[in-house]
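Here the protein sequences come in this chain order: P and Y. Numbering of the first sequence is given in this note's numbering, commencing with residue 81 and proceeding in unit increments. Numbering of the second sequence is given in this note's numbering, commencing with residue 17 and proceeding in unit increments.
In case anyone wonders, no lab produced these hints; they're calculated from the structure. Wrong hints could be hidden among the right ones.
[To be verified] Now the stretches of chain Y that chain P is said to cover, found in silico as 3 or more residues with beta-carbon under 8 Å:
| hint | stretch |
| --- | --- |
| 1 | 48-57 |
| 2 | 84-91 |
| 3 | 116-122 |
[What the hints assert, rightly or not] Distance windows between CB atoms, simulated:
| hint | chain 1 | residue 1 | chain 2 | residue 2 | range |
| --- | --- | --- | --- | --- | --- |
| 4 | Y | A119 | P | I176 | 29 to 37 Å |
| 5 | P | L351 | Y | S86 | 51 to 59 Å |
| 6 | Y | M127 | P | D184 | 36 to 44 Å |
| 7 | Y | T138 | P | E90 | 41 to 49 Å |
| 8 | P | D83 | Y | S86 | 37 to 45 Å |
[What the hints assert, rightly or not] From the derived model, a few chain P residues whose C-beta atoms are all more than 10 Å from chain Y:
| hint | residue |
| --- | --- |
| 9 | P93 |
| 10 | P97 |
| 11 | V166 |
| 12 | G169 |
| 13 | A170 |
| 14 | M179 |
| 15 | A183 |
| 16 | A272 |
| 17 | S307 |
| 18 | G322 |
| 19 | A326 |
| 20 | E342 |
| 21 | L344 |
| 22 | A360 |
| 23 | T375 |
Yeah, the Cβ is synthetic: ideal placement off N, Cα and C, and Gly gets one too.
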Amino acid sequence: MADLIAQLDEGNPRALPRLLSLVERRDPAGMAALAALYPRTGKAAVVGITGAPGAGKSTLVNALAHAARAAEMRVAILAIDPSSPVSGGAVLGDRIRMMDLHADPGVFIRSVASKGRTGGLAPAAAAMVHCLDAAGYPLILLETVGAGQDSIDIDVLARTVIVVQAPGFGDGVQAIKAGILEIGDILVVNKADLPGARELARTLRGSLDHPEPGEWEVPVLLTDAASGEGVPAVLDAVLQHGRWLAQSGEIAQRLRVAASAEVLDGVRNELQRRLNAATAGSLDQVISDVAARRTPPEDAVNAILASLPGLGGAASDQRGG
Amino acid sequence: MSTSTPTRTLRVLIAKPGLDGHDRGAKVMARGLRDAGFEVIYTGLFQTPEMIASAALQEDVDVVGLSILSGAHMALFPRIMEALRAAGLGDVLVVAGGTIPEADQAAVREMGIAAVFGPGSTFADVAEFLRTHAPSRAA
C-alpha cells in the first residue's frame with residue numbers, strides 16, 4: 081500500500097491504473113491506499129456529463145478534454161458503460177470517440193462497467209473519482225450511462241453537472257418532463273447544426289426559473305461537439321460554475337451531500353452483504369412459509385433481523401413511538 | 017476487510033492496429049467475450065502501437081487482443097510488442113485474431129503473441145484460453 085502511494089507520487093504511470101483496479105474491486109490494499117490518500121482529495125473540479133443515449137455525451141467529453149488541454153489543464157475521464165445483466169461482462173466503447181486523445185500524456189481515460197447499478201454510475205465511481213483527484217488531475221470528467229427518466233445520482237457525486245440534449249429526441253417538453261434538467265448546472269444543446277436545435281435551446285431557456293440574486297444562472301449553450309464548435313464556452317461555464325461554488329459557499333454543501341451519500345451507500349451495501357451472508361441457507365424456507373401462509377411476513381422479517389449479528393431483536397423492540 | 021471479491025472480472029483490450037477498416041470480427045469477438053463475462057474495452061479502428069500501449073496501461077487490462085486483416089501483422093506486431101514493453105506491460109497476455117497465414121504463425125508466436133485465433137475459433141475456445149493464461153495477480 082505504501083508502495084502504491086510512493087509510486088503514485090513518483091509519477092509511475094502504472095500506479096494510478098493499478099490503484100483504480102484495486103479500489104474498483106474493493107481490494108483491501110486498494111482501500112487502505114485510498115484511506116491514506118483521502119485527505120488530499122476534494123480539490124478537483126468533478127464534472128458529470130449526462131443525457132439521453134445518442135445526444136453526444138462521449139463526443140462532448142472528448143471535445144471538452146481538447147478544450148481543457150488547449151488551456152493547459154490535465155484532465156481525467158471516467159467513462160461508464162452498462163454491464164450485461166446476464167453475464168456480468170461489458171463492452172466499454174467510449175474510447176472510440178476519444179481516439180485522438182490517446183497519444184496525449186496529459187489525458188487519462190478509464191472505462192468502467194456499471195455492474196448493474198442504476199442511475200448512470202458504477203458502484204465504485206465515487207472511490208475512483210477520489211483516486212483521480214488524489215493523483216492530481218484538476219479536472220475530472222465523469223461520463224454516465226445514458227440516463228433516461230431514471231433515478232439519477234450524478235448530481236450528488238459531481239460538483240458541476242452538464243445535461244446534454246440534442247434535437248430529435250422528442251420536443252422540449254419531453255426534456256422538461258424527464259426531470260433530468262433540474263440537476264443541470266449547465267444545459268448543452270448538442271448537434272447545433274441540426275434543425276430544431278435553436279428552438280430546443282429557446283424552450284429550455286424558457287423552462288428555467290429566474291435565479292435570485294447570488295444564485296447560479298443556468299446557461300443554455302449550443303455546441304457542435306463533433307467539430308468542437310461552442311465547446312470552449314462550455315469549459316468556460318464549467319470554470320465559472322466552480323468559481324461561483326467557491327464564492328457562494330455552496331461548495332461546502334455539495335461536498336457534504338456527496339459525503340453523506342457515499343457513507344450511507346457504503347453502509348447499505350455492507351448491510352446487504354451481511355444480510356445475504358446470514359440468510360444464504362435459510363431464506364428459501366422462510367419465503368416458502370410466508371408464501372404458504374404458515375408465517376406472517378412481519379414475523380419473518382423479525383426472525384431474519386434477530387439472526388443478524390449485531391442487530392439482534394432489539395431493533396424491533398425499539399420501534400413504534 | 018469487508019468485501020473483496022474472490023474472482024475478479026478479467027479486462028480485455030480489443031484493438032484494431034493499422035489501416036484496414038474491417039472491424040466486424042473485432043466487434044463480434046467483443047460481444048462474445050462480454051457474454052462470457054469479460055469486460056471488453058474496444059478502441060475502434062486505426063490504432064497506432066503507442067495508442068494501443070497507452071490504452072492498455074490506463075485501462076489496466078489483463079489481455080490485449082489484436083485484430084488484423086490487412087496482412088501487415090509481420091510489420092505491426094513487433095512494434096506493438098515493443099510499445100507494450102516500453103510502457104512496462106511486458107506481463108500482459110497478448111493474443112491475435114483475423115487473417116494470419118499458417119506460415120507466419122510460428123514467427124508471430126516468437127514475437128511473444130501467445131495465441132492466434134483464426135476464422136473458425138469459437139468464443140468458448142478464446143474465453144477458456146484467456147482465463148487459463150491471463151497473468152495472475154497478487155492483490
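Supplied distance hint 41 to 49 Å, evaluated on CB atoms of Y/T138 and P/E90:
holds (44 Å)
Is it true that P/D83 and Y/S86 lie within 37 to 45 Å of each other by Cβ?
holds (42 Å)
Taking the minimum C-beta separation from P/M179 to chain Y, is that value above 10 Å?
The claim breaks: P/M179 does not keep its Cβ more than 10 Å from every Cβ of chain Y (closest is about 6 Å).
Is the nearest CB of chain Y more than 10 Å from the CB of P/L344?
holds (16 Å)
Can you tell me whether the CB distance of P/L351 to Y/S86 sits inside 51 to 59 Å?
holds (54 Å)
Count the residues of the stretch 84-91 of chain Y whose Cβ falls closer than 8 Å to any Cβ of chain P, and tell me whether that reaches three.
violated (count 0)
Quick one: see if chain P covers the stretch 116-122 of chain Y, three-plus residues with Cβ-Cβ under 8 Å.
violated (count 0)
Non-interface claim for P/V166: all C-beta distances to chain Y beyond 10 Å?
Nearest chain Y Cβ is 7 Å from P/V166, so the label is violated.
Does the claim that P/A326 lies off the interface hold, with its Cβ farther than 10 Å from every Cβ of chain Y?
holds (30 Å)
Minimum Cβ distance from P/A183 to chain Y greater than 10 Å, as the annotation requires
Since the minimum Cβ distance to chain Y is about 6 Å, P/A183 lies within 10 Å and the statement is violated.
Would P/G322 pass as off the interface with chain Y, using Cβ distances and a cut of 10 Å?
holds (25 Å)
Report holds if the minimum CB distance from P/P97 to chain Y is greater than 10 Å, and violated otherwise.
violated (4 Å)
Checked against the numbered hints above, the structure breaks hints 2, 3, 6, 9, 10, 11, 12, 13, 14, 15 and satisfies the rest.
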